[in-house]
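Asks: Each chain is listed here by its residues.
2 protein chains.
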Amino acid sequence: MKYGYFDEKNREYVIDRCDVPVSFTNYLGLENMCTVISHNSGGYSFKGSPEYGRITRFRPNGVPLDRPGHYVYLRDDETGKYWTVSWQPVGIDLKEAEYVCRHGLSYSKFECKYNGIIAEKTLFVPLGHDVELWDVKVTNTSDRKRAISLFSYVEFSLHQIDLDNKDFQMGLYASGSSCTEGVIDYTFFYHPDMHHFMTADFEPDSYDCVRDEFIGNYRSESNPAAVENGRCSNSSKLGGNHCGSLHKQFEIEPGQTIRAVLMLGAGGAEQGKKTRKMFADHSVVDKAFEQIKNYWRSRLANYQCITPDEGANVMLNTWTPYQAATCVTWSRFASFIEVGGRTGLGYRDTAQDTISSSYLQPDKVKQRLVELMRAQTSEGFGLHLFDPAMMDESGDAKANLPTVLLSGDSDQSVHIPELKDVCSDDALWLVAAVCEYLKETGDIDFLETEVTFADEGSATVYEHLKKALDFSAKHVADNGICQGLRADWNDCINLRGGQSSMVTFMHYWALRLFNEVAAYLNRDDDSERYSEIASRIKQAAAANLWDGQWYLRGFTAEGRKIGTDEDEEGKLFLNAQSWAVMSGLSEHDKAIRAMDAAYDKLFDRYGLHLLWPAYSKPDDGVGFVTRVYKGIKENASIFSHPNPWAIIAECMLGRGDRAFEYYTAMLPFYQNDMMEIRQAEPYSYCQFVMGKDHTDHGRARHPWLTGSAGWFYTAATKWILGVRPTFKGLEVDPCVPKDWDEFSIVRKWRGSTFNISVKNPDHVSKGVKSIKLNGQEITGLIPVQQPGTDNDVQVLMG
Amino acid sequence: MKYGYFDEKNREYVIDRCDVPVSFTNYLGLENMCTVISHNSGGYSFKGSPEYGRITRFRPNGVPLDRPGHYVYLRDDETGKYWTVSWQPVGIDLKEAEYVCRHGLSYSKFECKYNGIIAEKTLFVPLGHDVELWDVKVTNTSDRKRAISLFSYVEFSLHQIDLDNKDFQMGLYASGSSCTEGVIDYTFFYHPDMHHFMTADFEPDSYDCVRDEFIGNYRSESNPAAVENGRCSNSSKLGGNHCGSLHKQFEIEPGQTIRAVLMLGAGGAEQGKKTRKMFADHSVVDKAFEQIKNYWRSRLANYQCITPDEGANVMLNTWTPYQAATCVTWSRFASFIEVGGRTGLGYRDTAQDTISSSYLQPDKVKQRLVELMRAQTSEGFGLHLFDPAMMDESGDAKANLPTVLLSGDSDQSVHIPELKDVCSDDALWLVAAVCEYLKETGDIDFLETEVTFADEGSATVYEHLKKALDFSAKHVADNGICQGLRADWNDCINLRGGQSSMVTFMHYWALRLFNEVAAYLNRDDDSERYSEIASRIKQAAAANLWDGQWYLRGFTAEGRKIGTDEDEEGKLFLNAQSWAVMSGLSEHDKAIRAMDAAYDKLFDRYGLHLLWPAYSKPDDGVGFVTRVYKGIKENASIFSHPNPWAIIAECMLGRGDRAFEYYTAMLPFYQNDMMEIRQAEPYSYCQFVMGKDHTDHGRARHPWLTGSAGWFYTAATKWILGVRPTFKGLEVDPCVPKDWDEFSIVRKWRGSTFNISVKNPDHVSKGVKSIKLNGQEITGLIPVQQPGTDNDVQVLMG
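These protein sequence lines are chains A and B, in that order. Position 444 (the first sequence) corresponds to 444 in full-length UniProt numbering; numbering is contiguous. Position 86 (the second sequence) corresponds to 86 in full-length UniProt numbering; numbering is contiguous.
No lab work stands behind these hints, which were simulated from the structure alone. Careful, some of the hints might be misleading.
What the hints assert, rightly or not - Straight-line Cα separation of at most 16 Å, EDC-like style, residue types lysine to aspartate or glutamate; simulated pairs:
1) A:K467 with A:D478
2) B:K237 with A:D693
3) A:K237 with B:D696
4) A:K617 with B:D193
5) B:K109 with B:D16
6) A:K237 with B:D693
7) A:K2 with A:D16
8) B:K617 with A:D455
9) B:K561 with B:D620
10) B:K237 with A:E181
11) A:K274 with A:D205
As the list claims (entries may be wrong) - Between beta-carbon pairs, the in silico distance windows are:
12) A:R560 with B:S178: 39 to 47 Å
13) B:N223 with A:Q256: 31 to 39 Å
14) B:N223 with A:P192: 17 to 25 Å
Stated by the list, open to error - If you want a taste of the chain A side facing chain B, the calculated C-beta under 8 Å gives, among others:
15) M1
16) K2
17) F6
18) D7
19) N10
20) R17
21) N61
22) T79
23) Q169
24) D193
25) M194
26) H694
27) G698
Since the structure is predicted, the reported quantities are computational estimates derived from the model, not experimental observations. Positions of the beta carbon are idealized from the N, C-alpha and C atoms, including for glycine.
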């Protein structure tokens with residue numbers, strides 16, 4: 001069963017059955033303004049922060065799904081019949097009308113055919129402007145002249161989401177609305193500089209700024225009074241709930257198409273008037289849309305591949321990098337899952353997201369890296385959740401709130417947690433994030449940039465990385481294994497004084513990456529020092545972390561083993577195996593045994609489970625993971641994020657068939673036809689898939705959440721297809737299914753293009769016999785080439 | 001225009017037009033469990049705390065209004081026609097069906113006539129049980145046998161409201177459901193001790209525990225799939241959204257009535273089974289309902305009056321004390337306005353609410369007083385918002401949350417604000433609250449009870465009062481006027497280092513009340529000390545606070561006058577006048593001039609405006625009040641809470657006609673027929689009425705919010721009708737409209753009953769010529785009488 005398909009030519013996912021039981025979402029906006037929008041045009045906009053820069057309102061987890069949204073209503077003024085260009089909220093019987101939603105890259109397009117009218121609506125945020133454009137076209141396919149009224153509708157939100165959710169004695173009196181010269185101005189009296197607007201390229205026949213006037217008592221977005229009446233009531237008010245509805249009646253001749261452009265933006269009436277004037281010229285709208293298309297066309301051109309696997313091609317050339325880059329730009333807190341209640345960035349996920357997308361958006365990645373370092377303390381650990389604005393002396397801090405601040409709330413200083421509340425892994429991701437950025441861009445000078453710490457002082461980027469490594473080196477137990485603290489990557493493994501094998505392996509991995517930097521810079525003292533730490537870790541791990549058939553996950557504060565065959569539950573953890581291998585720490589034979597155990601015990605058709613068997617009894621020594629239902633999230637679901645780590649580990653072991661089996665098992669593309677099981681959108685990796693211990697086994701939940709897409713992208717492009725930037729050149733080291741004959745990659749790197757063609761006549765998984773660069777045989781790395789050049793690379797596996 | 005009427009006999013407000021454009025709400029529950037319910041049966045339940053003890057879900061400020069709720073659907077199984085016993089959510093055309101909602105005291109009853117069926121549903125929480133009973137009766141008024149399916153519906157909520165609102169990656173996986181032996185058990189795996197249940201006295205034919213199975217995709221509570229199908233799908237799940245729907249088909253003979261009792265409760269399946277067994281006996285249900293009726297009958301019997309004014313009688317004998325007592329029990333944070341996002345108690349409002357309701361519920365008031373003192377610091381000030389559980393060493397602290405706590409969130413210790421974040425008035429209300437409790441109950445020993453401070457140490461109640469007075473005495477400026485600090489009673493006047501006349505008058509008032517205690521206890525040293533402070537204040541006020549025609553509201557930190565005729569805006573503030581008089585500080589002639597100015601400039605048909613003229617320009621020296629739209633809330637609305645202070649002041653000045661004019665202007669009863677203006681329910685005082693500078697002038701907003709009902713009650717009963725408990729006896733000192741011939745009061749006080757009859761043959765406003773107690777003329781106070789006695793009191797005014 002499916003709800004849509006991939007339109008490769010247009011890089012769109014096309015939903016042609018709009019009655020999906022969950023939200024299929026997309027992200028509009030690439031700079032300041034963002035809209036999260038569903039296949040039924042439900043969703044919300046914000047500028048800057050979804051917590052305190054909200055523009056439109058959304059009722060998450062609502063009944064019915066995904067209300068309100070950014071809607072266009074059409075009304076046949078002869079018959080009174082009305083509908084929306086998106087299927088919902090009016091929801092015409094799908095037997096009577098055709099609806100399609102096309103989610104493209106940073107735009108979404110809604111099409112409908114009903115009642116002799118074809119209508120479409122394209123939503124996007126043009127580059128350089130804080131405005132969402134609604135490009136609407138209405139075609140009369142009947143044989144008579146038609147009078148069609150068009151109504152826009154958004155519900156404005158108080159800009160601060162907590163007040164908007166629950167304190168109506170302030171929230172409902174803090175904002176006001178007016179409409180002059182065709183511009184609806186939504187204002188906050190207490191905050192004179194903040195306005196939002198809605199306008200259009202037409203002169204409205206009527207308007208409503210007051211939500212409850214537009215909707216009417218005991219009605220909903222499904223049957224608004226204004227649309228039913230064929231006219232808005234020209235309402236506006238100071239205080240109350242506000243909306244943006246502009247109404248215009250169009251007379252449309254048979255065969256004629258009319259076009260209307262609506263604009264939802266940040267800024268006051270003046271800004272609205274300027275914007276209105278600019279985009280009333282439809283060629284400006286067309287050009288702005290073409291810019292968005294070009295934005296992605298040119299960026300995605302930095303990496304394109306043709307492999308024997310259709311799903312891999314579609315996802316790697318478009319959807320996975322789109323997801324990873326979107327997570328870097330908007331983070332997890334802008335979604336339908338976390339709806340702005342938390343703000344800012346998660347340390348570890350942001351760091352990981354940057355790893356995979358520096359080739360797409362190096363400037364954005366660099367900005368995020370600086371923000372991550374500003375959120376690192378001089379002790380070396382990272383602030384688990386943080387708002388970059390709070391560390392940015394040049395930027396705006398949080399906006400004023402429409403209330404007298406409560407005691408304590410006025411404290412906007414950065415909160416530095418105690419050690420027990422620190423996550424043991426956060427800052428270690430920074431090391432890899434910076435290294436990948438350097439290898440991609442060659443921007444070695446970045447290491448000398450001075451960046452402040454969250455608490456006090458500042459240091460160069462290079463020294464920031466050392467602080468992260470030193471923090472982990474300091475917080476080890478007597479056995480040499482890193483302490484788990486509040487949590488490691490797994491938020492629900494809360495060891496406090498206990499020890500984590502995963503963070504120990506991660507520490508080793510980060511040391512290895514750092515040592516490449518130190519070696520490249522000839523910092524011999526650092527090389528020596530951090531190599532020595534790495535070798536101490538290796539010894540400690542060998543002495544303590546092998547359980548006999550696989551690696552342990554760690555120890556509780558009382559010294560009990562976690563992830564041991566001796567236990568009844570939680571015997572085997574995926575991450576302990578994949579990280580032992582991926583970090584380069586494990587000896588080969590143990591690596592093989594550990595990864596085989598993972599395959600045997602954790603894998604099924606949807607991917608690798610996080611642990612086995614699921615916990616059924618609370619055990620606070622291990623952590624919150626034992627308090628989650630079986631098969632859900634951290635308690636033995638098929639968590640997406642760690643699956644690519646296993647792929648990387650298998651590639652390091654040379655087992656390309658298994659690596660690719662893991663890759664395709666979780667590939668959303670291949671679940672497009674089984675939506676009765678998956679449910680979630682098939683163009684986005686989800687946070688997790690329900691595990692075999694749950695009645696909803698196979699159901700995917702939380703699309704767009706960070707970390708997963710980036711690591712799958714890294715695993716597929718750098719380890720399966722095997723082209724990896726290093727400081728000095730491109731490394732080519734594929735690990736593919738044996739039955740692949742060939743594949744090719746176009747890779748732009750440091751300004752030149754590499755057209756890489758890989759042949760596999762001997763049907764091996766790993767091993768490169770020869771590489772020809774522009775016809776010349778080379779050994780080892782492909783050196784950096786003259787910017788602007790096009791280079792032919794012929795690789796022969798065997 | 002009206003939506004209902006007062007049914008005096010049943011003490012019910014009857015809504016017979018259910019399409020009210022706002023929520024008319026009621027409160028069920030008197031002990032641990034509470035439900036806030038609307039006239040369309042929308043609303044939510046919680047146990048203990050609306051923030052972290054939530055049971056059912058509610059989408060405040062929603063579209064449509066007030067979803068979801070506690071619903072009973074009926075379905076004609078021959079035709080498939082279905083409806084709800086409350087008008088919404090199905091919302092049958094009101095031309096085709098009759099709907100009535102009766103809000104009674106701690107119960108609400110819904111009635112409908114439709115399709116040959118009369119149905120009613122009574123909701124209440126029986127004393128001694130944490131369960132809401134739904135007593136449903138369905139009568140077949142047609143002439144043929146009918147097959148009617150009944151479905152219950154509630155949507156369960158995650159118990160912690162913040163997660164329920166916005167963190168769906170945790171919230172949607174933390175709870176599960178099952179149904180065994182007719183009991184739906186809603187559980188939190190991470191919190192094994194917390195369950196909620198839904199059950200019924202019947203064996204269900206089918207059930208749904210999963211919300212989205214009951215409702216169906218792209219449907220809503222208006223047209224749930226299960227009801228349309230005539231059967232639930234027996235769904236249950238771990239994770240997801242949960243509901244309580246039990247379905248039963250009844251065959252009903254012509255003229256027959258069937259009865260079904262549904263039960264929504266706190267506790268697990270075992271508790272559900274016990275509850276089910278108990279209330280399956282309908283006589284137990286009847287008895288429990290009778291207990292609720294008796295609860296209020298006996299308590300309200302402590303004060304009943306008959307005056308020439310119908311509105312005063314209805315409100316004073318039933319609705320105003322009901323509102324005041326409800327505010328003491330459930331506080332403001334359980335409402336449709338603040339929906340549990342803030343928890344616990346507001347210091348000043350709780351203190352004030354107790355003032356008016358100790359005759360109704362002395363134990364509850366005593367508990368609140370202790371909680372207020374526990375939230376007082378040893379410095380003397382109160383914590384503006386606090387959760388009593390945090391100061392209660394014996395009680396449960398907040399429940400665990402279904403997430404790993406974020407940095408800093410684990411800190412549940414009491415936060416003591418800095419001086420700049422302290423409200424200057426909070427603790428002063430405590431003095432009056434304790435004094436009124438003592439006068440009502442005679443529980444003088446309470447003064448010797450030892451109570452802890454919020455920060456450290458403990459003291460007797462008597463010493464706590466002194467701390468409050470000392471704090472205000474310490475924080476005065478050089479001119480002897482009290483500092484405003486973060487705010488005084490007016491949250492939006494934020495003077496910080498500036499000074500507040502209101503808090504200065506309040507300090508004087510509290511000193512006067514305390515001195516009565518000290519005198520009664522013969523604590524001469526304290527009497528002397530605090531009398532001296534009072535006289536210093538009087539001098540300072542005389543020297544600094546008179547503006548020439550009225551009293552100033554204070555001074556900004558830079559020394560600018562506030563509330564002066566010299567300004568263009570904010571010339572005159574109500575509270576500065578009423579408190580100058582009510583505190584007893586003002587000289588008589590200034591009192592008259594000040595109160596006349598208030599009458600001239602601030603009064604209109606809906607009551608007294610808070611200030612005049614409204615502010616139009618932000619002035620942060622004055623405070624947030626200048627950042628609110630004109631005519632709304634603190635910026636020159638008709639704020640309810642301060643109106644009774646003006647009534648008390650006028651009574652002290654002997655101007656009974658004006659006092660009563662103020663009283664009736666705001667009396668909700670008299671706005672029952674003008675709901676097109678008032679909108680809000682006419683049985684409850686609202687926080688404010690839109691002022692004359694707003695387009696919605698006259699509209700009342702925020703029913704049930706604390707403070708207002710209590711003070712109106714105090715003003716009417718103690719100052720207009722003029723019977724005031726003192727330490728030694730009842731004082732009789734009415735101040736009534738001159739045209740009143742007579743009125744009578746039944747007052748129970750300290751165990752005996754006083755049947756007080758007041759005659760006013762000379763048509764004066766004030767002045768008592770003679771009092772006869774049981775036939776004997778007395779002078780001065782009516783002494784305490786033997787408990788259990790009935791006493792006749794004849795008062796002659798003149």
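Asks: Now look at each hint and say whether the structure bears it out.
Replies: Quick rundown of the hints versus the structure:
1. A:K467 with A:D478: 21 Å, violated
2. B:K237 with A:D693: Judged against 16 Å, a Cα distance of about 12 Å means the pair holds.
3. A:K237 with B:D696: Since the Cα atoms of K237 (chain A) and D696 (chain B) sit roughly 9 Å apart, the hinted pair holds (cutoff 16 Å).
4. A:K617 with B:D193: 14 Å, holds
5. B:K109 with B:D16: 12 Å, holds
6. A:K237 with B:D693: 12 Å, holds
7. A:K2 with A:D16: Measuring from Cα to Cα gives roughly 9 Å; hence the hint holds.
8. B:K617 with A:D455: Violated, at about 39 Å.
9. B:K561 with B:D620: Given that 16 Å is the threshold and the Cα spacing comes to 14 Å, the pair holds.
10. B:K237 with A:E181: This hinted pair is violated, its Cα atoms lying about 53 Å apart.
11. A:K274 with A:D205: 20 Å, violated
12. A:R560 with B:S178: 39 to 47 Å: 32 Å, violated
13. B:N223 with A:Q256: 31 to 39 Å: 37 Å, holds
14. B:N223 with A:P192: 17 to 25 Å: 45 Å, violated
15. M1: Since chain B brings no Cβ nearer than about 14 Å to M1 (chain A), farther than 8 Å, the hint is violated.
16. K2: 16 Å, violated
17. F6: 24 Å, violated
18. D7: Status violated, d = 25 Å.
19. N10: Cβ of N10 (chain A) sits 27 Å from chain B, so the hint is violated.
20. R17: Because about 12 Å separates R17 (chain A) from the closest Cβ in chain B, which is outside the 8 Å limit, the hint is violated.
21. N61: 6 Å, holds
22. T79: Status violated, d = 21 Å.
23. Q169: Q169 (chain A) check passes; min Cβ-Cβ to chain B is 5 Å, inside 8 Å.
24. D193: 11 Å, violated
25. M194: 12 Å, violated
26. H694: Constraint on H694 (chain A) satisfied, holds at 7 Å.
27. G698: With a closest approach of 14 Å, the G698 (chain A) hint is violated.
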